[in-house]
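Enquirer: Each chain is listed here by its residues.
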Amino acid sequence: MITSRFRHARALCWALVLGLLPLAASGHDMKMDMAGEPALGASAAIDAHGGLWLVSERGGHVLLQHAADPGTPLGTPVMVNAKPEAVYATGENRPKIAFGPDEAIYVQWTEKPAAGWVGDVRFARSGDGGKTFSAPITVNHDTAPATRGFDSLAVAGNGDIVSAWIDGRDSAAAKAAGKPYAGFAFYYTRSTDGGRRFAPERKLMDHSCECCRTTLARKADGGITAFFRAIYGDNIRDHAFAVLPAGDAAAHAERATFSQWQVAACPDHGPGLAIDAHGVRHAVWYEAKDGPTIWYGQLDPGHAPRHVLKIGGPGASHADVAVHGNTVWLTWNQVDADGYTLMLRRSDDGGLHFAAPRGIATSAHAVGSPQLLLRGSHAFVAWNTTDGFKLVDTEAH
Amino acid sequence: MRRRIFLALLTLAMPALAQAPPLQPLAASDIPALLKPPAHGTRIIAIWALDCVYCEANMRTLTNVVEAHPDRYQLVTVATDRYALHTQIAARLAAMHMGGYPARAYAEASPERLNFLLNPKWGGETPRTELIRADGSRLGISGELTPAQMRMLP
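Chains as they are written, first to last, in the numbering used here: chain L, 1 to 397; chain E, 1 to 154.
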């Protein structure tokens, strides 16, 4: 339960309410809301100059907004996709944004038409600082109708763009052949030309969980790693970790959590990962073997995570993690009957010990998943709420 | 002639249409009534989501139980997707042949608060089956029901 101390915490967050203009509806807009209610799936990022960027969805369009300084209001939305499509921005799906060399901006989302669970991973690039975008391309080469979603996006140290998602093609093929197949599969691909083209996707692992967000994190050497929920044995839903190498080198996923949560269900609760300069893999993940639990731990693929700490129980959800030097930040949503509290824990010794949890913002209304952003050594939490987008300064509380 | 056939078909369909309860939003203030023990038997709350690949099979299992013992069980479906997506939710319910059961969908844009109010020991995974018995006892089960779990049903 949240104490009143948290509820009455000073509201020092910078509330940047999205002034999005309603856009024209279309029969094609699967997610167009009855009363214009926007989906809460949005992503924010801070660029090399310290500017804040936000991508959200409205009326079948991915919208990009920018504030040169996190303390100033977000600017007028720029439409990333001119032609509306069924942008998937609910649950753990949300548009993504990343930055490339030469001020390039990359935006990715899943298009999920109304029929069943089919979808495609879509991508658009801007070479003029977000003023205009290329026509969206479909990242997945296999475009046969199949489930695709819970995509993730990262830029490697060499500028390559890595895209990953959960894909149902193998499950569908097995079903058609009358064979059993647990879950879906994890696929990934890479663009070496700034997002003009993506290589044919590769399968990293059969038997991923079907409906949890995937996470990509960059190592200090610029390489990209993946962390996602997978199915082991008879519906045991733990997590897998892999390095996604460039070129033709094969990737290999290893089991990285051993919670032994066995359930034939969709958790809609994916993990988070941040890797420090020493290669320590700081992770957060959810499982409910003995009730809802969020864990922090340092991944040791093939073995149980180290320095494991239970950070959340009932009512805790959708954690994120960030690291800079020896400082590790953890954030998550904590709900009770009255609403949501944005929680924060901080470690200044590389995740060995954490200060007590603190509530740093509250919302009486619905909220999206919190997202930690770093501006140098300063951490913010992006929090999209029904009342508007908020950028919460972790040091103001 | 065509018009007369259409009107005749419409007349035949009217009772069925009238019986199909429309999808209703489920707000926080509605949850105490939903969780109130029934006068007799067991209320089964079948919680599902548009994204959930196990929910249709679970729904089938539950309807088999309810249809076999209609005097013992009442079934209510609850979608954790926001009511704003009511068109898709209603279409999926119809495709799952669930149109004849009372149906609710979350009135809030994110599900966690309503999940917590329905059962704080549940983290939101779907399918989720909540059983509310007339004697006030409750049982919550996450995941597609197994035969062993089915035997636990009252």
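Since the hints were derived computationally from the structure, they do not count as laboratory data. Take the hints with a grain of salt, since some may be wrong.
With a straight-line Cα cutoff of 30 Å, these simulated BS3-like cross-link-like pairs (lysine-lysine) come out [claimed, not checked]: (1) L/K179 - E/K36; (2) L/K203 - L/K289; (3) E/K121 - E/K36; (4) L/K179 - L/K203; (5) L/K219 - L/K175; (6) L/K289 - L/K310; (7) L/K289 - E/K36; (8) L/K219 - L/K310; (9) E/K36 - L/K310.
Enquirer: Which numbered hints turn out to be false for this structure?
Expert: 1, 5 and 9
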